[in-house]
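Next come the chains, spelled out residue by residue.
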Amino acid sequence: MNITLNGERLDIAEGTSLESLIEGQGFELARVIAEVDEHVVSKSDYDDYILHEGADILVLSFVGGG
Amino acid sequence: MNSNDKLTIGGTEFTSRFILGSGKYSHELISAAIERGGAEMITVALRRANTSGDDNILNHIPKGITLLPNTSGARDAKEAIRIARLARELGCGDFIKIEVIRDSKYLLPDNNETIKATEALAKEGFKVMAYMYPDLNVARDLVSAGASSVMPLAAPIGTNMGLATKEFIRILIDEIDVPIIVDAGIGRPSEACQVMEMGADAVMANTAVATAGDIPLMADAFRQAIIAGRQAYLAGLGRVITDKAAASSPLTGFLGE
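In the order they appear, the protein sequences are chains A and G. Its first residue numbered 0, the first sequence is counted upward by one per residue in numbering that gives the first Met the number 0. Its first residue numbered 0, the second sequence is counted upward by one per residue in numbering that gives the first Met the number 0.
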């Protein structure tokens, strides 16, 4: 099924959890936060959060800034 | 420096009155700048994460330093609230620097949207530090909305132009009871010293340090300037005479007498 991750289309297996996606894509789980369809997801829910077709996911982290 | 002279923001005490930004310079220099600057609070921004080989900025910020995420990129209150909630989910505390900007040339803050975001986020338990254009009525509204501090700009972001809004910052210092932290535009340690002499509670600087020839050394210069300004404020400045001189040495007992 297709999802969008940080603005790019991605084909993933059905039943993929948010945690599997984040780790599978090489993000450092402890340093990122995810939003699905503009709703922030608590980190404790990542493992149970099964992604749906068309999900729009943003994975964010802190960078330098003023 | 008197260790009893604490800066309290949202119930948290700080000894340092220098808030350091982390933008526009390498991660490798961040810990040195924090150490030389004596900063206890550092700002960060939230952006789309990178993957492979990403060296996260948090790996370079020593333990015990308070993170101040900003809402840069927000164009209205709604986006600022969204960014603040995301930042808090990263588990780095309740401080948030509200920054709402919809002007892309001069990057001036939208004070009205900043008030709206402050009200919503303060209700959610955030310790809101509101970046703002120095306007007394807005500052009062921000305090009413629950801001823990207000952060008036000295000059447009990243310009190093200095104290363009000095007299309006002076009004905020005179009238507003939450900490006044002068942010944006300060380009030299002498300017940081000057606002601290005026009674500002703290100074935030990023570009002035990031664009210096020697970043850790400039952080040290800001540290010393901010301490000097604070001490001068606490000491109370000497009086000024404009119509004549006033001898500092005795006017009696000259050689010829």
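For the record, the hints were derived by calculation from the structure and aren't laboratory data. Quick reminder that beta carbons are idealized off the backbone N, C-alpha and C, glycines included. Careful, some of the hints might be misleading.
Residues on chain G that point at chain A, a partial pick, calculated with CB under 10 Å [to be verified]: (1) I56; (2) K62; (3) I64; (4) E98; (5) P155; (6) G157; (7) T158; (8) N159; (9) M160; (10) T164.
Going through the hints against the structure:
no. : hint : verdict
1   : I56  : holds, 5 Å
2   : K62  : violated, 15 Å
3   : I64  : violated, 13 Å
4   : E98  : holds, 9 Å
5   : P155 : violated, 12 Å
6   : G157 : holds, 8 Å
7   : T158 : violated, 12 Å
8   : N159 : violated, 12 Å
9   : M160 : violated, 15 Å
10  : T164 : violated, 17 Å
Hint compliance for this structure: hints 2, 3, 5, 7, 8, 9, 10 are not met, and every other hint is.
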